[in-house]
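One letter stands for each residue in the lines below.
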Amino acid sequence: MKILVCIKQVPDMESKFKVDAGGTWYAKTDLAWRMNEYDEYAVEQAVQLKEQVKDADLTVLCIGSEKVKETMKKALAMGCDRGAHIADEEADKKEPFQIAGIIAEYAKEKNFDLIFTGMQSQDRGSGQVGILVAEMLGMPGITTVVHFAYKDGVIEAKRELEGGVKACVKVAAPAVITCQLGLNTPRYPTLPNIMKAKKKELLSVPAADLLKVESRQDTAKMYFPEKKGGGLVLEGDPAALVDQLIKILKEKTAVLG
Amino acid sequence: MEYTREIYWNVGHSAGTLVPMYLFAFVAIGLLVKGFLRRVEVYKQGLPLDRTDQRGRRIRYMLENVLLQKKVARVRWPGLLHGLFFWGFGLLFIGTTLIVIQADFTDLLFDVKFLKGTFYLLFSIILDVAGLVCIFMLGGLLVRRYFYPPEGLETKTDDAVMHGLLLTILVTGFLIEGARIAVTELGTPLSYWSPMGLLVAHGLSGMGEGGLRALHKVTWWFHLLLVMGFFILIPLTKFRHIFTTSTNYFFGDLGPKGKLINLDLENEDAETFGATSLKEMTWKDIFDADACTLCMRCQDRCPAFNTGKPLSPMKVVNQLGEAAFHNPEANLIDSFSKEALWACTTCRACQEICPAAIEHVRKIIDCRRAMVLMEGEFPGEEVMAAMEATEVNGNPLGIGYAERGDWAESMGIKSLAEDAEVDVLYFVGCYGSFDKRNIAVAKSFVKLCQAAGVKVGILGKEEKCCGEPMRKMGNEYLYQSLAVENIEVIKSYGVKKIVTTCPHCFNTLEKDYRDLGLEVEVESYVVFLEKLMASGRLRIDAKELSCTYHDSCYLGRHNDIYAAPRTLITAAGGQLVEMDKNREEAFCCSAGGGRILAEEKIGERINIKRVKMAAATGAQTLVSNCPFCLTMFEDGVKGAEVEESLRPQDIAEILAERIV
Numbered sequence: 001m002k003i004l005v006c007i008k009q010v011p012d013m014e015s016k017f018k019v020d021a022g023g024t025w026y027a028k029t030d031l032a033w034r035m036n037e038y039d040e041y042a043v044e045q046a047v048q049l050k051e052q053v054k055d056a057d058l059t060v061l062c063i064g065s066e067k068v069k070e071t072m073k074k075a076l077a078m079g080c081d082r083g084a085h086i087a088d089e090e091a092d093k094k095e096p097f098q099i100a101g102i103i104a105e106y107a108k109e110k111n112f113d114l115i116f117t118g119m120q121s122q123d124r125g126s127g128q129v130g131i132l133v134a135e136m137l138g139m140p141g142i143t144t145v146v147h148f149a150y151k152d153g154v155i156e157a158k159r160e161l162e163g164g165v166k167a168c169v170k171v172a173a174p175a176v177i178t179c180q181l182g183l184n185t186p187r188y189p190t191l192p193n194i195m196k197a198k199k200k201e202l203l204s205v206p207a208a209d210l211l212k213v214e215s216r217q218d219t220a221k222m223y224f225p226e227k228k229g230g231g232l233v234l235e236g237d238p239a240a241l242v243d244q245l246i247k248i249l250k251e252k253t254a255v256l257g
Numbered sequence: 001m002e003y004t005r006e007i008y009w010n011v012g013h014s015a016g017t018l019v020p021m022y023l024f025a026f027v028a029i030g031l032l033v034k035g036f037l038r039r040v041e042v043y044k045q046g047l048p049l050d051r052t053d054q055r056g057r058r059i060r061y062m063l064e065n066v067l068l069q070k071k072v073a074r075v076r077w078p079g080l081l082h083g084l085f086f087w088g089f090g091l092l093f094i095g096t097t098l099i100v101i102q103a104d105f106t107d108l109l110f111d112v113k114f115l116k117g118t119f120y121l122l123f124s125i126i127l128d129v130a131g132l133v134c135i136f137m138l139g140g141l142l143v144r145r146y147f148y149p150p151e152g153l154e155t156k157t158d159d160a161v162m163h164g165l166l167l168t169i170l171v172t173g174f175l176i177e178g179a180r181i182a183v184t185e186l187g188t189p190l191s192y193w194s195p196m197g198l199l200v201a202h203g204l205s206g207m208g209e210g211g212l213r214a215l216h217k218v219t220w221w222f223h224l225l226l227v228m229g230f231f232i233l234i235p236l237t238k239f240r241h242i243f244t245t246s247t248n249y250f251f252g253d254l255g256p257k258g259k260l261i262n263l264d265l266e267n268e269d270a271e272t273f274g275a276t277s278l279k280e281m282t283w284k285d286i287f288d289a290d291a292c293t294l295c296m297r298c299q300d301r302c303p304a305f306n307t308g309k310p311l312s313p314m315k316v317v318n319q320l321g322e323a324a325f326h327n328p329e330a331n332l333i334d335s336f337s338k339e340a341l342w343a344c345t346t347c348r349a350c351q352e353i354c355p356a357a358i359e360h361v362r363k364i365i366d367c368r369r370a371m372v373l374m375e376g377e378f379p380g381e382e383v384m385a386a387m388e389a390t391e392v393n394g395n396p397l398g399i400g401y402a403e404r405g406d407w408a409e410s411m412g413i414k415s416l417a418e419d420a421e422v423d424v425l426y427f428v429g430c431y432g433s434f435d436k437r438n439i440a441v442a443k444s445f446v447k448l449c450q451a452a453g454v455k456v457g458i459l460g461k462e463e464k465c466c467g468e469p470m471r472k473m474g475n476e477y478l479y480q481s482l483a484v485e486n487i488e489v490i491k492s493y494g495v496k497k498i499v500t501t502c503p504h505c506f507n508t509l510e511k512d513y514r515d516l517g518l519e520v521e522v523e524s525y526v527v528f529l530e531k532l533m534a535s536g537r538l539r540i541d542a543k544e545l546s547c548t549y550h551d552s553c554y555l556g557r558h559n560d561i562y563a564a565p566r567t568l569i570t571a572a573g574g575q576l577v578e579m580d581k582n583r584e585e586a587f588c589c590s591a592g593g594g595r596i597l598a599e600e601k602i603g604e605r606i607n608i609k610r611v612k613m614a615a616a617t618g619a620q621t622l623v624s625n626c627p628f629c630l631t632m633f634e635d636g637v638k639g640a641e642v643e644e645s646l647r648p649q650d651i652a653e654i655l656a657e658r659i660v
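Residue numbers (the working numbering), protein chains in the order written: chain A, 1 to 257; chain B, 1 to 660.
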């Protein structure tokens, strides 16, 4: 069995974000980088599947600069067998259609039985790449998966829908799965696996070799949401606080009629 | 007439006595040696560990603790009884040896007798009193064990055999002496030099010489056989502690206190890290189990054990011994139980009190290392999340690393990247940098430095967690990655001196980082501030403060810093009321050993228990010296519902409020 898992390196969401000089993306200074949370579920599920079927080869793919290899090493330490690094210094300037195009181009003749990825990235959050890859490869795509089971070439998955509703899906491989929070708990890599990961195959391919599609959309502008109002903390004597609160509710809201 | 007595009186100094006696002795000693050689084979199952360096220091430490019973005496009554028994028994042993030396060597071969005259009188009275002391001490220990046993004291067959045998040996000794005196010394001034023997002699004197001689002979042989039995039983019962505990002082950890063994993570031949089985423990860990006398002192002080958690340091040591001798293939982590292993706060109360120089904490950390490094297991998801947060942002709180130095901006403190010309580098730590409550402490410390004219710099966003909680949780890999990065940054600025306000950072930089190449002087802020005050550079107004002081484990037991914080508190006008458990006996706040990262799910909350102890002093302020303690106490005063009456504060805050 051949499995591909596509991951993205994203800034930690606790970082101090600033808009960069170009005004279309965030500045890269003072950011801590990590694996996109949803891709961690994808890696974990892929590794669990490999452990289940035993005879499997698991490739982790990541597009970006030399720096993303650090995140790829974590995926390798978690249990991926080999890494495919698509070298691209300007990955963040590519829109989801191009990213999906690169992945599909990479995957098209490799006969992957399953492709896992996160349901969206934590930074761009378009939620497009997984489903576009499926479309481009002509494979079924199952998105926002929170439960996954595989037996004899058939996948049974649960998708998370709006309002707590879940959809049960049954489909024959090959397929693309995009993973949602709740699917699993990603493992903590063990030291022997971290050591082994350092020696695993990690080949780089220039993105230009795989980019065969044109971009279809542009980022016009990136900005912080305007500050509107905010919380108000009242402090002091409880009796006075009650009066103050009633006054505010009367003046600023309609709840007291 | 010269005072002396006939050795081998009544039993005779002939081959008929000597041959069986020496035969018994050789057999007994042979069995004793054999018993220990078999145990040595068991010790050898463990990994090598060099504990024979610095022999002078080791021998001194051993003599201090064996001859002076220093650690045994740390717990007053049982310690005193054991100490006096030890000295009494030691004198009896020396006395008996002197008899053998004179009768069967110096006198026999060279006609030299030294048990005579004044020396004999002293010899006689000393042995007589020693025997009496032994009986009383042993009696006291027996009453304690069998009639008023402290809670949890384990009493086994071993104990019955030991008490019974020793008591019989002592009593028969006096019977032999009494019978001899009744026949040969009654009415002579010599008899007064054996008061206890004389008393027994008076009691027996009605028997007539024939009866006395018969009693003497039978008892003499019986006594001899008992002593031989004692030798044979040494390796087979807890009597072995006579040798193993003494030797364990020699093999003890000479420090630095509590420093863990640095794992070689680059070793490509290593298949496993940490310990899951006996083969991965060191020989000393197995030997420790043989040195343990089940005295329970560790368990009595363990904060986990005393709040209903499944950890007893004594049981860990004994379960290891159990595995070594009976089930060497056992999975130790299962034997100890994971919950027990995760419950340890590495507070060192067990090791500090142990009268057998046993190293409990290292064993627990070795097992944690195996769980984390080999299995990726943690006590809870919150701990794994903290580990991941630290990997990404260099702090377990998960806050963006770039904000690490933000607290200092308003204080006019720069990072070394901006200005490396400073007197000291303040290694702030994660809580001082990110936690609101502890930022107040960091600011107070900086104010004090500024008042004393000390130019302080920080690493700011270049500082990372020192790695202590991760290391104690078993994550040696993450610890070493953090340590190497910190050391590299510190070295790059040519720092001359580092001061910390976190005892965990202090302990890690001062001890653990040395293995990874840090050479700069490291000082705890309490010592640093005390020096500034002593030199007059820092002036503090004494203002009344009703307080009690909590010795953090890592400033106290791990680094023996007890005086400096108290000097500072007193100088600030603090009326210090000590809690019952203070200094070496202080009760942990619950957050050591990486437990700061974990939720406390089992049993009573340790921090609440400690806060209650503080509240019981009636003091209004609970002074501490550690960001973890302060965090736990801020939470603890709420849990104990003493928020209104007891206020946790750091020493730096108290001093900063009183700057002249």
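Accuracy of the hints is not assured; some may be wrong.
A short, non-exhaustive set of chain A residues, derived as facing chain B with CB atoms under 8 Å [what the hints assert, rightly or not]:
no., residue
1, D12
2, S15
3, K16
4, V19
5, Y26
6, D30
7, A32
8, R34
9, E37
10, L181
11, T185
12, R187
13, P189
14, T190
Which residues of chain A face chain B? A few of them, derived with a C-beta cut under 8 Å, are [said to hold, decoys possible]:
no., residue
15, E14
16, Y188
17, L191
18, I194
Honestly, the hints are just simulated from the structure, not real lab data.
Note that the structure is predicted; figures quoted are calculated from it, not measured.
Glycine included, every Cβ here is placed at the ideal spot set by N, Cα and C.
Taking 8 Å as the limit, does the beta-carbon of E37/A come near enough to a beta-carbon in chain B?
Since chain B brings no Cβ nearer than about 10 Å to E37/A, farther than 8 Å, the hint is violated.
With 8 Å as the cut and Cβ atoms as the points, is K16/A at the interface with chain B?
5 Å, holds
May I ask you to test the interface hint for Y188/A with respect to chain B, counting a Cβ-Cβ separation under 8 Å as satisfied?
4 Å, holds
Would the stated hint for A32/A survive a check requiring a Cβ distance to chain B of less than 8 Å?
5 Å, holds
Does the CB of S15/A sit less than 8 Å away from some CB of chain B?
4 Å, holds
Regarding the hint that L191/A lies at the interface with chain B, is the smallest CB-CB distance below 8 Å?
Holds: closest Cβ of chain B sits about 4 Å from L191/A, inside 8 Å.
E14/A was flagged as interface toward chain B. Is the shortest Cβ-Cβ separation under 8 Å?
With Cβ-Cβ at 4 Å, under 8 Å, it holds.
Restraint check, 8 Å cut-off on beta carbons, for T185/A near chain B
7 Å, holds
Quick one, is the Y26/A hint okay against chain B at 8 Å, beta carbons?
13 Å, violated
Does P189/A pass the interface check with chain B, least Cβ-Cβ distance below 8 Å?
6 Å, holds
Minimum beta-carbon distance criterion (8 Å), D30/A to chain B
4 Å, holds
Does the CB of L181/A sit less than 8 Å away from some CB of chain B?
13 Å, violated
Of the numbered hints stated above, those contradicted by the structure are hints 4, 5, 9, 10, listed in ascending order.
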